[in-house]
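Undergrad: Based on the hints, put chain B with the ligands in the right spot on chain A.
Quick note, the sequences are listed as chains A and B, same order.
For the first sequence, position 224 matches number 224 in this note's numbering, and the numbering has no gaps at all.
Quick note: to get this note's numbering, add 321 to the position in the second sequence (first position is 1).
If you're looking for bench data, these hints aren't it; they were derived computationally from the structure.
Incorrect hints may appear among the rest.
Per the computed footprint, the stretches of chain A lying under chain B, defined by three or more beta-carbons under 8 Å from a beta-carbon of chain B, are [what the hints assert, rightly or not]:
| hint | region |
| --- | --- |
| 1 | 50 to 58 |
| 2 | 78 to 86 |
| 3 | 93 to 104 |
30 Å max Cα-Cα, derived DSSO-like pairs, lysine-lysine [what the hints assert, rightly or not]:
| hint | chain 1 | residue 1 | chain 2 | residue 2 |
| --- | --- | --- | --- | --- |
| 4 | B | K332 | A | K140 |
| 5 | B | K332 | A | K127 |
| 6 | A | K223 | A | K171 |
| 7 | A | K171 | A | K228 |
| 8 | B | K405 | A | K127 |
| 9 | B | K405 | A | K108 |
| 10 | A | K140 | B | K573 |
| 11 | A | K154 | B | K573 |
| 12 | B | K487 | B | K405 |
| 13 | A | K154 | B | K332 |
| 14 | A | K140 | A | K108 |
| 15 | A | K108 | B | K332 |
| 16 | A | K171 | A | K127 |
| 17 | B | K573 | B | K487 |
| 18 | A | K154 | A | K127 |
| 19 | A | K154 | A | K218 |
| 20 | B | K405 | A | K140 |
| 21 | B | K332 | B | K573 |
| 22 | B | K573 | A | K108 |
| 23 | A | K154 | B | K405 |
All of these numbers come straight from a predicted model, not from anything done at the bench.
All C-beta atoms in this analysis are idealised placements derived from N, C-alpha and C, irrespective of residue type, glycine included.
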Amino acid sequence: MNPIISVSNLSKTYSGGFTALREVNLDIHQGEIFALLGPNGAGKTTLISIVCGIVNATAGTVKADGHDVVQDYRAAREKIGLVPQELCTDSFESVLATVKFSRGLFGKAPDPAYIERLLRQLSLWEKRDSRIMTLSGGMKRRLMIAKALSHEPKILFLDEPTAGVDVELRKDMWSMVRQLRESGVTVILTTHYIEEAEEMADRVGVINHGRIILVEEKNTLIKKMGSKELLLQLSEPIKEIPGPLADLPLELTGDGYQLLYRFDIQEGDTGITNLLRRLDQAAIDFRDLQTRESSLEDIFVGLVRGARQGIDGDTGDGERR
Amino acid sequence: MNWYGIRAIYKFEMARTWRTLMQSIASPVLSTSLYFVVFGAAIGSRMGEIEGVSYGAFIIPGLIMLSLLSESISNASFGIFFPKFSGTIYEVLSAPVSAFEIVTGYVGAAATKSLVLGLLILLTARFFVDYQILHPFWMLGFLVLTAVTFSMFGFIIGIWADDFQKLQVIPLMVVTPLTFLGGAFYSINMLPEFWQKVTLFNPVVYLISGFRWSFFGIADVNVGVSLAMIFLFLLLCLAGIWWIFRTGYRIKT
Ligand SMILES: Nc1ncnc2c1ncn2[C@@H]1O[C@H](COP(=O)(O)OP(=O)(O)OP(=O)(O)O)[C@@H](O)[C@H]1O
Ligand SMILES: [Mg+2]
Chain A
1 MNPIISVSNL
11 SKTYSGGFTA
21 LREVNLDIHQ
31 GEIFALLGPN
41 GAGKTTLISI
51 VCGIVNATAG
61 TVKADGHDVV
71 QDYRAAREKI
81 GLVPQELCTD
91 SFESVLATVK
101 FSRGLFGKAP
111 DPAYIERLLR
121 QLSLWEKRDS
131 RIMTLSGGMK
141 RRLMIAKALS
151 HEPKILFLDE
161 PTAGVDVELR
171 KDMWSMVRQL
181 RESGVTVILT
191 THYIEEAEEM
201 ADRVGVINHG
211 RIILVEEKNT
221 LIKKMGSKEL
231 LLQLSEPIKE
241 IPGPLADLPL
251 ELTGDGYQLL
261 YRFDIQEGDT
271 GITNLLRRLD
281 QAAIDFRDLQ
291 TRESSLEDIF
301 VGLVRGARQG
311 IDGDTGDGER
321 R
Chain B
322 MNWYGIRAIY
332 KFEMARTWRT
342 LMQSIASPVL
352 STSLYFVVFG
362 AAIGSRMGEI
372 EGVSYGAFII
382 PGLIMLSLLS
392 ESISNASFGI
402 FFPKFSGTIY
412 EVLSAPVSAF
422 EIVTGYVGAA
432 ATKSLVLGLL
442 ILLTARFFVD
452 YQILHPFWML
462 GFLVLTAVTF
472 SMFGFIIGIW
482 ADDFQKLQVI
492 PLMVVTPLTF
502 LGGAFYSINM
512 LPEFWQKVTL
522 FNPVVYLISG
532 FRWSFFGIAD
542 VNVGVSLAMI
552 FLFLLLCLAG
562 IWWIFRTGYR
572 IKT
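Just chain A, with the same shape it has in the complex:
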């Protein structure tokens, strides 16, 4: 299947000389929910802005549904809806007027029935005649989504859709995004909440310092990189790990009261039986034990930290110029 969005060798250097994207390659599949994760300043918004035509790329190309976003911008942009990171709206306009404006701007004939459905779905219909400045932050956020969906796009970009949104509304948004996917819309969202990516995404991409450092099916990712931990609460504290156990991947924590054992869930033999047997032989008693699965968050933090060390290690050009 052809990718619905295809980014090739995309680089962006801002006029100040700062390089926000370096040779980014990325394919988004039709109909998926793709989560782009990355720390502040990683280049997420820059990437989205280039795809949507708000920022000019320095090098490289982007195709949306087969259309080059620069050469063939009309065909490409008709397919795309964007909810930007910043809330910006025309305060004096009414809700209904601004959504109609968006639809017209994208070249679509008026369709009051569709707009009504959209506003009802986002619980904004009651507010249709209100001026935008009288809306709450959460309502404004939903209004931005309504504007982005007003022209029935096939691709929707959500740049941190749930920043500053309460739990309730966040759940609503998640279910709305799922509904959109059901109806065939491809959704690309950026987020700082790993929880969100874990909850929603089919695939996850991690970007850091303008480079895509990983793209993977979410489930594979968690499986592949996931390790489990077994935590043993000891009855008596110990000073150090006894010699006979030195060959095991153990870590002494909690002032000598805890032993942490890491194992890979991919392995057929987790080594737990072996561990327990040898603890018994070494005469170490424990009161309690618990296991914990590593989350996407652990993986993400590990990746970003790894990449940072990589960069700090290389004394060369780039970052600190």
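TA: Frame of chain A, contents of chain B with the ligands only:
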């Protein structure tokens, strides 16, 4: 051609006019009325005719041009400056509209407003002085051309300005003086020889002169020259806008 897109921008801008009716229509009409009262009725009654036209009537074309220029520029420049300032321009930039369509929407709306305003002032003038229009079609032609040209000029200023002060400095420091010195209140022939020559470097002279000709058939400079100058300015503005969109100047990073 994205007609719905043009219409959306145009309607949006016109809606802004209605919201700010006092500021965008009523106040220029009021201030020009004051000019008519002071210069036309009060002082004008003590002045002789200029080339066979009463002073009150003589100043009508100049006063209309004065409002037309400043309103075209301020409407169009604010229309594009504000989305840039508030960030809502992201939507226009990400929409399937071409530069031509964007400009048509914004400039079209600004020019419409100025045109309505110009005609309103013309009507208002009726209350104060008597006048006739010799060449109504030319009169409308000048009005439309000037409104469009200076709305484009305003659009360029709106793109160029990155703060509110810059937005106002050109209309205030350049356009208003040039209009006052462009023969709005006098005929160039009334100036000393030397200043008559200097005045010819003022582009507004050609606008007012041509416009006045369409009313009374009298002109400071040849009508053909006036027309040519307006078209020249129109072309310059078009070139400026073309360059802005080609390079993404001040709208795309
Ligand atoms: N207009 C600009 N001019 C210069 N540098 C910019 C500009 N916009 C962004 N940058 C820089 O590019 C880098 C990437 O910014 P970007 O907004 O893409 O990050 P992000 O991943 O979206 O971050 P966040 O999670 O904070 O939204 C940042 O270091 C930022 O300072
Ligand atoms: Mg961002």
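Undergrad: I'd like to know which numbered hints this structure contradicts. Please list them from smallest to largest.
TA: Violated hints: none at all, because every hint is consistent with the structure.
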